[in-house]
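Visitor: Sequence lines, in order, name chains A and B. Per numbering that gives the first Met the number 0, the first sequence starts with residue 0, numbered consecutively. Per numbering that gives the first Met the number 0, the second sequence starts with residue 0, numbered consecutively.
Please keep in mind that the hints were generated in silico from the structure rather than gathered at the bench. Please note that a few of the clues may not be correct.
Since copy identity is lost for identical chains, a pair holds within one copy or between any two.
Said to hold, decoys possible - Derived pair list, reagent style BS3-like, types lysine-lysine, alpha-carbon separation capped at 30 angstroms:
1. 44 with 138
2. 265 with 335
3. 135 with 28
4. 335 with 260
5. 335 with 223
6. 28 with 105
7. 28 with 138
8. 180 with 321
9. 171 with 336
10. 336 with 320
11. 320 with 138
12. 265 with 320
13. 150 with 105
14. 190 with 327
15. 135 with 36
16. 36 with 240
17. 228 with 335
18. 332 with 260
19. 260 with 336
20. 321 with 190
Protein chains: 2
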Amino acid sequence: MIKKVTIYDIAKVLNVTAATVSRALNNNKNISEATKKLVLETAEKMNYEPNKLALALKSGKSNNIGVIVPRINTNFFGSIIRGIEDELNPSGYHIIICQSHNDETKEINNIESLINSQVDAIFISTSSKHSEQFEKILKKNIPLIFFDRKKTMDGVSSVTIDDFAGGYMATKHLIDQGCRKIAHLASGDFKIEIFHDRHEGYKQALIDHGIDYREDYVIHTTSKIAEGKIAVAQLFELDEKPDAIFSSSDFLALGAIQELKARNIKIPEEVAVIGFANEPFTNFEELSISTIDQFPVEMGQMTARVFLEQMATSQNIKIDKKVVMEPKLIIRKSSKK
Amino acid sequence: MIKKVTIYDIAKVLNVTAATVSRALNNNKNISEATKKLVLETAEKMNYEPNKLALALKSGKSNNIGVIVPRINTNFFGSIIRGIEDELNPSGYHIIICQSHNDETKEINNIESLINSQVDAIFISTSSKHSEQFEKILKKNIPLIFFDRKKTMDGVSSVTIDDFAGGYMATKHLIDQGCRKIAHLASGDFKIEIFHDRHEGYKQALIDHGIDYREDYVIHTTSKIAEGKIAVAQLFELDEKPDAIFSSSDFLALGAIQELKARNIKIPEEVAVIGFANEPFTNFEELSISTIDQFPVEMGQMTARVFLEQMATSQNIKIDKKVVMEPKLIIRKSSKK
Numbered sequence: 000m001i002k003k004v005t006i007y008d009i010a011k012v013l014n015v016t017a018a019t020v021s022r023a024l025n026n027n028k029n030i031s032e033a034t035k036k037l038v039l040e041t042a043e044k045m046n047y048e049p050n051k052l053a054l055a056l057k058s059g060k061s062n063n064i065g066v067i068v069p070r071i072n073t074n075f076f077g078s079i080i081r082g083i084e085d086e087l088n089p090s091g092y093h094i095i096i097c098q099s100h101n102d103e104t105k106e107i108n109n110i111e112s113l114i115n116s117q118v119d120a121i122f123i124s125t126s127s128k129h130s131e132q133f134e135k136i137l138k139k140n141i142p143l144i145f146f147d148r149k150k151t152m153d154g155v156s157s158v159t160i161d162d163f164a165g166g167y168m169a170t171k172h173l174i175d176q177g178c179r180k181i182a183h184l185a186s187g188d189f190k191i192e193i194f195h196d197r198h199e200g201y202k203q204a205l206i207d208h209g210i211d212y213r214e215d216y217v218i219h220t221t222s223k224i225a226e227g228k229i230a231v232a233q234l235f236e237l238d239e240k241p242d243a244i245f246s247s248s249d250f251l252a253l254g255a256i257q258e259l260k261a262r263n264i265k266i267p268e269e270v271a272v273i274g275f276a277n278e279p280f281t282n283f284e285e286l287s288i289s290t291i292d293q294f295p296v297e298m299g300q301m302t303a304r305v306f307l308e309q310m311a312t313s314q315n316i317k318i319d320k321k322v323v324m325e326p327k328l329i330i331r332k333s334s335k336k
Numbered sequence: 000m001i002k003k004v005t006i007y008d009i010a011k012v013l014n015v016t017a018a019t020v021s022r023a024l025n026n027n028k029n030i031s032e033a034t035k036k037l038v039l040e041t042a043e044k045m046n047y048e049p050n051k052l053a054l055a056l057k058s059g060k061s062n063n064i065g066v067i068v069p070r071i072n073t074n075f076f077g078s079i080i081r082g083i084e085d086e087l088n089p090s091g092y093h094i095i096i097c098q099s100h101n102d103e104t105k106e107i108n109n110i111e112s113l114i115n116s117q118v119d120a121i122f123i124s125t126s127s128k129h130s131e132q133f134e135k136i137l138k139k140n141i142p143l144i145f146f147d148r149k150k151t152m153d154g155v156s157s158v159t160i161d162d163f164a165g166g167y168m169a170t171k172h173l174i175d176q177g178c179r180k181i182a183h184l185a186s187g188d189f190k191i192e193i194f195h196d197r198h199e200g201y202k203q204a205l206i207d208h209g210i211d212y213r214e215d216y217v218i219h220t221t222s223k224i225a226e227g228k229i230a231v232a233q234l235f236e237l238d239e240k241p242d243a244i245f246s247s248s249d250f251l252a253l254g255a256i257q258e259l260k261a262r263n264i265k266i267p268e269e270v271a272v273i274g275f276a277n278e279p280f281t282n283f284e285e286l287s288i289s290t291i292d293q294f295p296v297e298m299g300q301m302t303a304r305v306f307l308e309q310m311a312t313s314q315n316i317k318i319d320k321k322v323v324m325e326p327k328l329i330i331r332k333s334s335k336k
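With the rest of the complex left out, here is chain A (with noise of 0.2 angstroms):
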């Protein structure tokens, strides 16, 4: 293999710092002409080929990267975007913001939005069930990345968790604490791939542990507080009522708590209560609600590192690395009996 000419190398034969020979390349105006000029020459002799990161910078770009949640006020997107901010910053890229609140037509907005804006990359977490407004992002050159919510797509990097995991641990759990009738709250639509696995997850763990799937149990909602009321009323019309709950948001998980309260039904003796994200509110000790963490800044961190990893590559190397993060089971009252 041959080893790669970096700035370094040029620095070394010149006698300079790799800060100087970086800013000469990079067309800096504190550089005096000279020294560009030799700097220039030195690397064509070397046959230098800068990297897509040196590349950017010279080209005059923004140094902003977009990024798209479906919503900013959880503490799982926010602490994803701290993750990524404090893995940017260093670099000299600044993060701008814009939420989809779930809504395919504002998501394709986001994006037009964040084209205009001549962002440099964008790094999304999909609330789409199409595909094409991300060719046309591939098509005009910006790297795109996947996090959280992510469509399979040849060619894109993505950072997910396990959520087919995610949903099996929270579910045995459930099942090693003596629970059988096991209702499911669906905080999304199974068109998103997380809701999808987060689903699968949990039928796999009833039937590995020879425990009928019920269509009856599973809830179809979305996360807020109310629905997850809402959603329990619905289960304590069947005629078998469930024993325990498995919910893919902690949101809706608080709300199925406070109506089994309202109900006086005991938790966890009579209904043990799992939710989904660690969002701090699970953790006040008044409440204390067992979940599943997701590592959001960790996944927020690895995200900005796939993306320098991309950019540090020569341009003839197509990378596509999906990185999978393994989610943490955290058992609290509200589950364990």
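Since chain A is already given, all that's left is putting chain B on it; use the hints.
Guide: Quick look at chain B alone, frame taken from chain A:
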């Protein structure tokens, strides 16, 4: 007063719709060249003066509005942004968001990023002690509007709540409950107007009711649950323990309540607590924390309306509008004796 010529007047003369006139003036590709020519000539003849909004649209700007907030993952700022989106999306504007993490340097970087993105306006809830960066925005003729955390600047509009009134009504409520030894947890620097004003309101309410202001009852800290616990520990080292706490942050109030509970101090009987912002968790049945509502959705809508009004005004009129909204006291279990 001379009546201003509008696109409706032009439409009437030409017997076309106002939408056609608007499209023609904005050089829309779906309008024939002949119609465009006719509309432009008629507009000129009638001395039509396009408003700023039309100009912005015509000038091929981004139609993006940049919004800078200290942090995205609170209900308060999330709701303000929703209010802005609700009001501006129908006018064809899109919102891109940056967070400053209460850091002045990051805020300056955010402003740079948004200017680079060619946003049509910047709405900001500032964490800065200085205002040079805002002069820069104005010099570039980018409309600037403050919301919630403002700087008082000539020629710049702002939408805020009356934080003095908020601090006053929270403190007066505690006095009405029979409390006399009222501590204040300040969640930010008094150089930031909202925290300064809430503290002033607290102080004035004490004075008006003949209660001495004590410096050792004022704790300067940051808006985190853990800090609320520390603040209570600090207050309870004093010889004269407080019998009430007014916190300028709900998160701090929650931490304070958790620490009081851990010390077996009865809430509200021994210590009454009130927070600020009406974050959703304060309304959880399990917590029930008194607070001050700031109507964030309405604040966002109002900010957007001030902007639209500014855009609809002809260029030679300068608007400097200071909107101050009245906050509302919400009494819950943590303070109601």
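Visitor: Each hint needs a verdict: does it hold in this structure or not?
Guide: Now for the hints, and whether the structure bears them out:
1. Taking the shortest Cα distances, residue 44 and residue 138 never come within 30 angstroms of each other, neither inside one copy (33 angstroms) nor across copies (45 angstroms).
2. For the identical chains of this complex, residue 265 and residue 335 are neighbours both inside a copy (12 angstroms) and across copies (28 angstroms), given an alpha-carbon limit of 30 angstroms.
3. Taking CA atoms no more than 30 angstroms apart as the test, residue 135 paired with residue 28 passes between copies only; the shortest distance there is 21 angstroms, against 35 angstroms inside one copy.
4. For the homomeric pair residue 335 and residue 260, the shortest alpha-carbon distances inside one copy (16 angstroms) and between copies (23 angstroms) are both at most 30 angstroms.
5. Taking the shortest Cα distances, residue 335 and residue 223 sit within 30 angstroms of each other both inside one copy (24 angstroms) and across copies (28 angstroms).
6. In this homomeric assembly, residue 28 and residue 105 come within 30 angstroms of each other (Cα to Cα) only across copies, at 23 angstroms, whereas the closest approach inside a single copy is 40 angstroms.
7. For the identical chains of this complex, residue 28 and residue 138 are inter-copy neighbours only, at 23 angstroms across copies versus 32 angstroms inside a copy, given an alpha-carbon limit of 30 angstroms.
8. Taking the shortest Cα distances, residue 180 and residue 321 never come within 30 angstroms of each other, neither inside one copy (35 angstroms) nor across copies (58 angstroms).
9. In this assembly of identical chains, residue 171 and residue 336 lie within 30 angstroms of each other by CA distance solely inside one copy; the values are 14 angstroms within and 45 angstroms between copies.
10. Taking identical chains as interchangeable, the C-alpha atoms of residue 336 and residue 320 are never at most 30 angstroms apart, the minima being 41 angstroms within one chain and 59 angstroms between chains.
11. Only within a single protomer do residue 320 and residue 138 lie at most 30 angstroms apart by alpha-carbon distance; the minimum there is 19 angstroms, versus 44 angstroms between protomers.
12. When the C-alpha separation of residue 265 and residue 320 is checked against a cutoff of 30 angstroms, the pair qualifies neither within a copy, at 46 angstroms, nor between copies, at 55 angstroms.
13. Proximity of residue 150 to residue 105 under the C-alpha cut-off of 30 angstroms is restricted to the intra-copy arrangement: shortest distance 17 angstroms within a copy versus 32 angstroms between copies.
14. Only within a single protomer do residue 190 and residue 327 lie at most 30 angstroms apart by alpha-carbon distance; the minimum there is 24 angstroms, versus 42 angstroms between protomers.
15. Taking identical chains as interchangeable, the C-alpha atoms of residue 135 and residue 36 are never at most 30 angstroms apart, the minima being 38 angstroms within one chain and 34 angstroms between chains.
16. Taking the shortest alpha-carbon separations for residue 36 and residue 240, neither the intra-copy value of 78 angstroms nor the inter-copy value of 71 angstroms comes in at or below 30 angstroms.
17. Taking CA atoms no more than 30 angstroms apart as the test, residue 228 paired with residue 335 passes in both settings, with 21 angstroms inside one copy and 27 angstroms between copies.
18. Taking the shortest alpha-carbon separations for residue 332 and residue 260, both the intra-copy value of 14 angstroms and the inter-copy value of 18 angstroms come in at or below 30 angstroms.
19. For the homomeric pair residue 260 and residue 336, the shortest alpha-carbon distances inside one copy (17 angstroms) and between copies (24 angstroms) are both at most 30 angstroms.
20. In the homo-oligomer, the alpha carbons of residue 321 and residue 190 lie at most 30 angstroms apart inside one protomer (20 angstroms), although the nearest pairing across protomers, at 47 angstroms, exceeds that limit.
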